[in-house]
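Enquirer: Residues per chain are reported as follows:
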Amino acid sequence: GDSVTQMEGPVTLSEEACLTINCTYTATGYPSLFWYVQYPGEGLQLLLKATKADDKGSNKGFEATYRKETTSFHLEKGSVQVSDSAVYFCALRDSNYQLIWGAGTKLIIKP
Amino acid sequence: GAGVSQSPSNKVTEKGKDVELRCDPISGHTALYWYRQSLGQGLEFLIYFQGNSAPDKSGLPSDRFSAERTGGSVSTLTIQRTQQEDSAVYLCASSLRGQGDSPLHFGNGTRLTVT
Numbered sequence: 057g058d059s060v061t062q063m064e065g066p067v068t069l070s071e072e073a074c075l076t077i078n079c080t081y082t083a084t085g086y087p088s089l090f091w092y093v094q095y096p097g098e099g100l101q102l103l104l105k106a107t108k109a110d111d112k113g114s115n116k117g118f119e120a121t122y123r124k125e126t127t128s129f130h131l132e133k134g135s136v137q138v139s140d141s142a143v144y145f146c147a148l149r150d151s152n153y154q155l156i157w158g159a160g161t162k163l164i165i166k167p
Numbered sequence: 043g044a045g046v047s048q049s050p051s052n053k054v055t056e057k058g059k060d061v062e063l064r065c066d067p068i069s070g071h072t073a074l075y076w077y078r079q080s081l082g083q084g085l086e087f088l089i090y091f092q093g094n095s096a097p098d099k100s101g102l103p104s105d106r107f108s109a110e111r112t113g114g115s116v117s118t119l120t121i122q123r124t125q126q127e128d129s130a131v132y133l134c135a136s137s138l139r140g141q142g143d144s145p146l147h148f149g150n151g152t153r154l155t156v157t
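For the record, the sequence lines run as chains A and B.
Counting from 57, one number per residue, gives the positions in the first sequence under the numbering used here.
Counting from 43, one number per residue, gives the positions in the second sequence under the numbering used here.
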């Protein structure tokens, strides 16, 4: 069945460092891919999405490119801030209503 | 516009009591999901509603859990005879369509503590 694998956390970086959170997937069809973010004490929010190969989703300085050849959707940001500290979830939706979720990656940014 | 609203935000209950959790989805969203998130864990799917179709209850962990969605809008998740292992954050999400790239919009959750 479909699955999503994220790098394990926590990931700890200093402010202004470069960020990459790896996400790879397996799917039988052509899924839509999502990154969600959960700030402390809050529900999940959509960060960005991509619907087909080579699409790039972007929001709040974060980017992720839908790579079909490597079945990946890695989340990147050039310069992180303390306010980016949160848990990040990669997810896919294939042919039905279910979203398949990664386990989440906790990101800690130190000033 | 208004987002997904969940109530209560926090609930502390004694073991064995019943609890009801409420979710108000975004107006016009036909799809509604309930998830459970234990401390430091990922999302556990519980139940899915789509319009007037029969819900997908495959994620409900036991027959103590039930949910309904009235008039295709508000949903309630009921846990009977609560146990300590039911302690978690219960998240509700709605989606314009339950397919494709239509994203889920989440509420802030209900934190349930069973003592």
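No lab work stands behind these hints: they were computed from the structure.
We put the beta carbon where it would ideally sit given N, CA and C, even for glycine.
Just so you know, not all the hints are guaranteed correct.
Said to hold, decoys possible - FRET-style restraints, in silico, Cβ to Cβ:
hint, chain 1, residue 1, chain 2, residue 2, range
1, A, A73, B, E62, 39 to 47 Å
2, A, G134, B, S104, 41 to 49 Å
3, A, S135, B, E127, 22 to 30 Å
4, B, S115, A, R123, 34 to 42 Å
5, B, R64, A, E64, 32 to 40 Å
6, A, K112, B, S51, 32 to 40 Å
7, B, G142, A, Q101, 15 to 23 Å
8, B, G113, A, G57, 31 to 39 Å
Enquirer: Each of the hints needs a verdict: does it hold here or not?
Expert: Verification of the supplied hints:
Range check, A73(A) to E62(B): Cβ separation about 45 Å, and the 39 to 47 Å hint holds. Range check, G134(A) to S104(B): Cβ separation about 47 Å, and the 41 to 49 Å hint holds. Range check, S135(A) to E127(B): Cβ separation about 42 Å, and the 22 to 30 Å hint is violated. Our hint of 34 to 42 Å for S115(B) and R123(A) holds, since their Cβ atoms are close to 39 Å apart.
About 35 Å separates the C-beta atoms of R64(B) and E64(A), a value consistent with the hinted range of 32 to 40 Å. Checked against the hint of 32 to 40 Å, the C-beta distance between K112(A) and S51(B) comes to roughly 36 Å, which is consistent with it. With their beta carbons about 19 Å apart, G142(B) and Q101(A) fall inside the hinted range of 15 to 23 Å. One distance hint, 31 to 39 Å for the beta-carbon pair G113(B) and G57(A), holds here, with the actual separation near 34 Å.
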